[in-house]
Amino acid sequence: MELLDSFIFITLVKTAVVFAVLMTTLAYLQWVERKVIAHVQVRPGPYRVGPHGLLQPVADIIKLLTKEDLLPPYVNKPLYLLAPFLAISMALLSISVIPFGPSIQVGPVTTWMQLTDLNIGVLFILAVSSMGVYGIALAGWASNNKYALIGGLRSSAQMISYELPMSLAIAAPLLISNTLSLRKLVEAQDGGIFSWNILHGPFPQVISFIIFMIAAFAETNRIPFDLPEAENELVAGFHTEYSSMKFASFFMAEYANMITVSAMATLLFLGGWMAPWPVAWGASLVPTVIFAIAGVTALYHGTHTARKRDKLTLPVFGIIFFIIAGVFLLPMVQSWLLPLFWFAGKTGAILFLFIWVRATLPRFRYDQLMGFTWKFLFPVAMLNLLVTAFLVAWTTK
Amino acid sequence: MMNAVPISWFLTLSAILFALGVAGFLFRRNIITVFMSIELMLNAVNLSFVTFSYQHKEVSGHLFTFFVMVVAAAEAAVGLAIILTVFKGRSTLNIDDVNSMKN
Amino acid sequence: MDVILFLIFALIAVACAINVVVQTHPISSALSLVGVMGSLAVLYLLLGAEFIAAAQVIVYAGAIMVLFVFVIMLLNAGAETRKGRSYLIPGAPLLIVFLGLMAFVVQRIFPDSTMVRFGGFTGGGPKDVGTALFTTYLLPFEVTSILILVAIIGAIVLARKEIDQ
Amino acid sequence: MQLWLIPFFPLAGFLINGIFGRRFSKSLVNTVAVGSVLLSFLWVLKTISAMGDLNTPHVEHYFTWIQSGAINIGCDFLVDRLTIVMLLVVTGIGSLIHIYSIGYMSHEGGYYRFFAYLNLFMFFMLVLVLGASFLLLFVGWEGVGLCSYLLIGFYFDKKFATDAGNKAFIVNRIGDFGFSLAMFYIFKNFGSLDFDKVFQQAASAPEWVLTTIGLLLMVGACGKSAQIPLYVWLPDAMAGPTPVSALIHAATMVTAGVYMTARSWVIFTHAPGAMDVIAVVGIATAFLAATIGLAQNDIKKVFAYSTVSQLGYMFVGIGSGAFSAGVYHLVTHAFFKALLFLGAGSVIHALSGEQDMRNMGGLRKKIPITFWTMVCAWVAISGVPPFSGFFSKDAILLAAYGHSPAIYWIGVVTAGMTAFYVSRAMFMTFFGSYRGKAHPHESPAVMWVPLAVLAALSLVGGWLFPIPEFLKGIFPAFEEAENHMLMYISVFAGFAGIGLAYLMYVVKPGMADSLAQTFKAPYQLIYNKYFVDEIYDATVVRPVVGGSRIVLWKGVDAGLIDGIVNGVGARCRDVGSLLRLLQSGNIRGYATWVLFGSVALILAMGLYGGLPR
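Chains as they are written, first to last, in the working numbering: chain F, 1 to 397; chain H, 1 to 103; chain C, 1 to 165; chain S, 1 to 613.
It is worth saying that the hints were derived from the structure and are not from the lab.
Some clues are possibly wrong.
[Stated by the list, open to error] Derived DEER-like restraints, expressed as beta-carbon distance ranges: (1) L603/S to N3/H: 34 to 40 Å; (2) G119/C to L578/S: 58 to 64 Å; (3) T122/C to M382/F: 28 to 34 Å.
[What the hints assert, rightly or not] Below, simulated EDC-like cross-link-like pairs (lysine to aspartate or glutamate); rule was C-alpha separation at most 20 Å, straight line: (4) K161/C to D367/F; (5) K127/C to D367/F; (6) K127/C to E58/H; (7) K167/S to D157/S.
Note that the Cβ used here is the ideal one computed from N, Cα and C, for glycine as well.
Looking at chain F on its own, in the form it has when it is part of the complex (with noise of 0.2 Å):
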């Protein structure tokens, strides 16, 4: 009984980390969002609360908690309010089966930073993320709006079309790397770049890889491939009628989603929490050359500052990342630290990506999107699978 205790206060200790963990980037992350958008349009972005306004999210919280919770008449109201909990829970579930990293020791256990380990993790993962189209869906036809309806029609005609591209980009690096469990399939890349999927014998899965982005945006609704809630057309798309704490969840899933597709991404093809080069050529010194590089310049901005707030600001913030950079060369919490780095790195360029994208690209038209996906993705992913296997059973053996 004992063993089963710990098992299950692990699994609890664990849940609560990562669940704060994901929380945070999600709030946070919007503020990147913004932050990046501001920058690429040139212009400051939020500022005001905290300083950077590195406090708004928080305020963004607090008013959406306490703003008046609408519910309309004429809704379908049990799917009106099952829709959001549906996309949320859904979103959430799925970073279930993730792995952060390497085993780690902390005191007397041994665990995985991942909550559990599928044998069938990545087929978990897609049938989680199929299930989402309904909260979209649902919330597009209980809110009786003719926006809302169009834009859940496009939601689910877009999802499930978009489904077919990503799993079979999804299988070709499972071929190569012969296991659906997430976390064997990142110590399969185990080595260096070059054993990292996206560049790993026999066929590198390059065109899988921009496939697999391809077809994540759209999955998680993002621009180019926002359409179901295309604003200039359909006012707000499925969550027109949507408010307060209901309207926060379907924006949390999106992010969720935007965080587990990324995740997926480094898992499948860039190696998970797998440093690009070997040890011995400095790859534990990343880090703290990163950090330190980013204290230099953070303090160089703060004794030159354009507002007169940042002169207090940015040199703490320098001081802060000196002090990061020197934990990152702390032995004792190198060996979880390093891969948490690596992974968190590679998602995160993956989420600047799809940040980057939303800032540039403008929106598809609707019957270009699903010829998009049918003539193109679709045949090109067929092709990239089968050009895998073939050589995948040609160099076995």
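Following the hints, position chains H, C and S against chain F.
Structure of chains H, C and S alone, referenced to chain F:
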């Protein structure tokens, strides 16, 4: 004892689900609901297949379930297309109105 | 543990299935059916059918039922109209007899000798299914792909708009 | 020894001409056709030179054709001395006629079709001759029948030609039916259709079995070789092009019956009754056909009846036990009758299609080569010694005398009539003054060279090829009447015929007509061919057609079969209209029935076992 489920429970569950599917088929008038009742029956049968597979400790039942799923997918595509066509022509989803095969 | 798990999900399945039948609105029925499928997926896991459980969710709940929901939304189908004769009189007694007979047969053929335990059968992973699929059941598999192709073509032919010449 | 090459060449020729001939030029078509037959002829010669003396048959097995239960029929080819004789006749005369056809057909349509058919005929004829079992022989037998049909009806846009083709085909079916029965009976009794196995057992079989088989085979031979009562198709077959008449209806196909009976000599020698029937049928045919020939005015009809008559002679030889004499006459007849037909063709060609002898006359000067070659045939067929016809006819008559003097005397009379009608034809055509309107011209070399070769063969073939000596090892010996008197009598009969014809058609040209007036009834009888066609029409054709119409069509087909079919349909409709009440068109109604059915099934299963314990 509490740690194991008799296999007949699974089969009984399958029978209940199947009967409910039949009931849906018989008592519902909406053509889509009737169609979904068929899916429910297929699911009930799938459960029996997987159960038998467990009993015989081999994988064939899973394969049959797999094939049933594929057939169900094909059936859903064609069936829903037919429903769309029917609705386009008659603007009704009531199955009792679609009886022009008589005479 | 297993019994509790089974009972929970069996009850959910039966409740959802009843809901499928009694709801007058097709979209409620559809969502209940998704519930049945989800709980069946858990029961499949209990029976050691990992791959089938995943496929159940991906294919049935994630694709087929979405198609249903999609069509219901497209046709904007309302609650069903009550007209035409009811089949409750011949149907319900027959159904009860049928269910009773089925239960009787199951009890007769399968006495409680075989017990299902989680992990009692591990041959249902993707690898086992795939091996069987591409060796013993290769021909059915290929035939199924033809079936799918035919279904796609049939669906397109049925549902496309007539192009005016 | 690659015997298969012999029929293969004509087959290849047929395929090439049949498939591509339409696009070929005429010279290419006849190169292929004639070349294939010449190759076949050369291969026969090579085979003969390689075979040596051939005292024992040489059999080649190619593949098992039919294997089913007790039946095991291979595709085997057999060569012995009889086959060699037939091969030489078929390919040799066939080559000559192919060459002749180049000239004769040069102005005709369907050129490639004609040569393709001729090649196909050669193929089947060679299969017939080479086949080592009755069934393979039958394949060739039917094949030549088919080609005969195709070639008789070659001018298919003319009704009399297609009618003649149909007549030949249908009459031959009767004979083939007999042949098929014979084969079934052979297989039933001997368990095989191979010649060697059948003949091995035949010697010890009961006589009545052999008599039955022999008579059935005789029916087949009657059809193919135009004997009474099935001879009626042959005169009509003259509707085909003249080379066809020469090749198929004089030299080769019609002799298939003779060949088949000669090949089956073991069966016949053990069935004396069948032998007698053959002899009587043969002499009756010979005599009757000769009398009809006396009064015909169409030059080809005269020779057609002459052919029937001469075939009768061959059967007399067979029926008398003188198989080699029959085959001997087969060979010489092939020479001079082919020559007669080709000569007649040359005359017709010269007169641009005129066939009626009353419109000819005096052609001796105008087409001398044709005349002189036909003179050779004339003397040969008339039995003038020492030309070929004399030897073979004499051999048959002597053998017949040994068998039965009556047959001999009828044979002599027939020989006289033969000489008369051939002489009549010669005198009407070549002597006197020209009575026609066309402008005769001599035929080209490609036509008269084969004539010349055949003329030479007709003259010297008799002693050049001593067939009876050659075949002595195969056939049983027969007693030949050693009586020179008989020989003189038959020679005298021949000269008498010629003299009488000279008297009636050259010295006193009006005499024939006055004789016809005097003996009006018999003249009309033979002029109208004994009204045989009319009798057949009245006794066989009309009853069969009428019976089919009334009994089979109106009674059985329309009444019984249609009644059953319509009745079944009507009852089905009645039952269906009852069952239709179930088909409410309401899908939930159907589902209820299905549920009801499953409940009933499970109940039945529970009540009547099917469940364990």
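Going back to the hint list, which numbers does this structure go against? 5
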